[in-house]
Amino acid sequence: MCTAVLDAIGNVKTSVDIVVYEMNAPGINDALVDAVKRGVDVRVILNGQWWSGRPQPDPTYYKLQFAYDLSNEVAPAASGAGAGTFSAHWASNNFNITHQKTVVIDAVDADGKQFASAADLPDTASTVILTGNLDAYKYDPSDPSTCPQPCNFYGARDFYLTVTDPNLVLEVEKVFSSDFTYTPR
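In the numbering used here, the protein residues as written are 1387 to 1571.
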C-alpha cells in the first residue's frame, strides 16, 4: 500500500484535495472515510473525459462505477456530528486527459479557500506527488475478490514524493482550486 498517501490522509488536520486519473483502492477509500469522520474536508477531481479501455464491456461503465463506489463509501461519513465534507468533480473537459496525480494536505482554510501566501500555510501542509494511480492492481470494483488482500499497490513501479516546501504546496493548491471551481461554458 502507498504509505506516503495513507500516512498523509491519516495525519491530515483540515483538508485533503486529490487529483488523480483512477481511484478505487479499498485502503484509500477507507482512509478518506476516517478523515471525513474526523472533521476533514475532502475534495476529489477524477479524470472523466478519456478512458484507457480496461477489458470491460463498457469503459464508461467502469469509470462511473469507481466514481460511484467512492461517493457511496466516503460521502455518508459526512453525515455524522462534527464530520467534514466530501465532494467530487470530473476534471475539466478543456483537457483531453487529466493525468495529474497529487494529494494536497491542509492547504486551504476552514472555508475551503486557499491561503493568501505560503507563509500562512499551517506546518501540516504538504503535497504528495504520485506517478501511480490510487487504485489497486487488478482490483475490479464489481468483484473485490480479484484483489488479494491487503489489496496492495503492486502492479507497477511507481513513486510517491512528499513535498513540504510551503511555496510549492501553495502552487499545487492554486492549480487544484482553479480546476475544482471550473465551470463549464
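Please note that the accuracy of each hint is not assured.
[Stated by the list, open to error] In silico lysine-lysine, DSSO-like type, Cα no more than 30 Å apart, as pairs:
| # | residue 1 | residue 2 |
| --- | --- | --- |
| 1 | K1423 | K1399 |
| 2 | K1399 | K1560 |
| 3 | K1560 | K1499 |
[What the hints assert, rightly or not] What follows is a list of derived Cβ distance ranges for each label pair:
| # | residue 1 | residue 2 | range |
| --- | --- | --- | --- |
| 4 | S1457 | A1505 | 32 to 40 Å |
| 5 | E1557 | G1468 | 30 to 38 Å |
| 6 | K1399 | K1560 | 26 to 34 Å |
| 7 | A1467 | D1551 | 16 to 24 Å |
Simulated from the structure, these hints should not be mistaken for lab results.
The beta carbon of each residue, even a glycine, is placed where N, CA and C say it ideally should be.
- Among all the numbered hints in the text so far, which are the ones the structure does not match? Hints 6 and 7 are the ones this structure does not satisfy, whereas the remaining hints hold.
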